[in-house]
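Chains A and B are the protein sequences, given in the same order. FYI, the numbering used here numbers position 47 of the first sequence as 47, with every residue one higher than the one before it. FYI, the numbering used here numbers position 4 of the second sequence as 4, with every residue one higher than the one before it.
In short, the hints are calculated from the structure, not lab data. Built from N, CA and C at the ideal position, the CB exists for glycine as well. Fair warning: there could be bad hints in the mix.
Claimed, not checked - Subject to a maximum C-alpha distance of 30 Å in a straight line, what follows is the list of computed DSS-like cross-link-like pairs (lysine-lysine):
no., chain 1, residue 1, chain 2, residue 2
1, A, Lys-30, B, Lys-13
2, A, Lys-30, B, Lys-82
3, A, Lys-29, B, Lys-82
As the list claims (entries may be wrong) - Just some of the chain B residues that point at chain A, by a computed CB distance under 7 Å:
no., residue
4, Gly-85
5, Ile-89
6, Glu-92
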Amino acid sequence: MIHFIDRLQICWPIIMAMAGADWVGSEIKKLVPGAIVEVSDLHGTGDHFHVRVISDSFDGMLPLERQRPILDFFMPHIKSGVVHALDLKCMTEEQAKAAGNTVFDPHGEGEKQFMGIHIRRPKEK
Amino acid sequence: MTEFNWTPNELQKIVEENSIVLFMKGTPEAPQCGFSNRAASVVSQLGVPFASVNVLSDPRARNALRDWSGFPTMPQLFIGGKLIGGSDIALELFQSGELQTLAANATSND
Chain A
1 MIHFIDRLQI CWPIIMAMAG ADWVGSEIKK LVPGAIVEVS DLHGTGDHFH
51 VRVISDSFDG MLPLERQRPI LDFFMPHIKS GVVHALDLKC MTEEQAKAAG
101 NTVFDPHGEG EKQFMGIHIR RPKEK
Chain B
1 MTEFNWTPNE LQKIVEENSI VLFMKGTPEA PQCGFSNRAA SVVSQLGVPF
51 ASVNVLSDPR ARNALRDWSG FPTMPQLFIG GKLIGGSDIA LELFQSGELQ
101 TLAANATSND
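So here's chain A without its partners, still in its complex pose (with noise of 0.2 Å):
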């Protein structure tokens, strides 16, 4: 039981150390075998992810499905606090190609955020 807290206390600052691009990164290329990931931390405060996730293996599949097997391994760690934002492409290695840039800040700086798209906000008072 000692050595099982011992264990404990060394490993928590590893995990903590762990929430960040790399760590995304290397998790979702466990679940996407082969895939290319590109991960962009939008705030440099290792909670706010934009992952592009290329891989021939979705072609054919439906955006949720590409997503599904991602969402569920980060929903302990969204719930958790650990990973605030995760904006998800999975891509084929040709959409990735047509897509350019895909890089959304959902905090980022005024309307130019936007893509083309917007609803105005009522003027605050």
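Following the hints, position chain B against chain A.
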């Protein structure tokens, strides 16, 4: 007004009674997150009425919704009672024209 407790039955009823439902942070007029803004913008472009549910209106909402739908992040778009996905999927399907088709099919009986 009757009490709403975010139970699976209550959530199911919302997506069955409304052809298009967007669970989001804030409202389409005043979104509280960029992803929710993006999804609301996309859905608004469909030109059909849709229901939106503000998950910031109740601290229980987000966890209840995640557990029920199995989808971890906000916003969440439902069309015809089926989970479509979050804002990235909504935008992708809008750009390919598939979202318009899904919405047209779901609202044809309204």
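>> Hint Ile-89 of chain B vs chain A: min CB-CB distance below 7 Å?
In response: Cβ of Ile-89 of chain B sits 4 Å from chain A, so the hint holds.
> Measuring from the C-beta of Glu-92 of chain B to each C-beta in chain A, is the shortest one below 7 Å?
Replying inline: holds (6 Å)
> Once the shortest beta carbon distance from Gly-85 of chain B to chain A is found, is it less than 7 Å?
Replying inline: This hint holds: Gly-85 of chain B lies near chain A, its Cβ roughly 5 Å from the closest one there, short of 7 Å.
> Is the hinted pair Lys-29 of chain A and Lys-82 of chain B satisfied, with a Cα-Cα distance of at most 30 Å?
Replying inline: holds (28 Å)
> Regarding the pair Lys-30 of chain A and Lys-82 of chain B, is the alpha-carbon distance no greater than 30 Å?
Replying inline: Status holds; Cα separation ~28 Å.
> Between Lys-30 of chain A and Lys-13 of chain B, does the CA-CA distance stay at or below 30 Å?
Replying inline: violated (37 Å)
The structure is inconsistent with hint 1 alone, although it conforms to all the rest.
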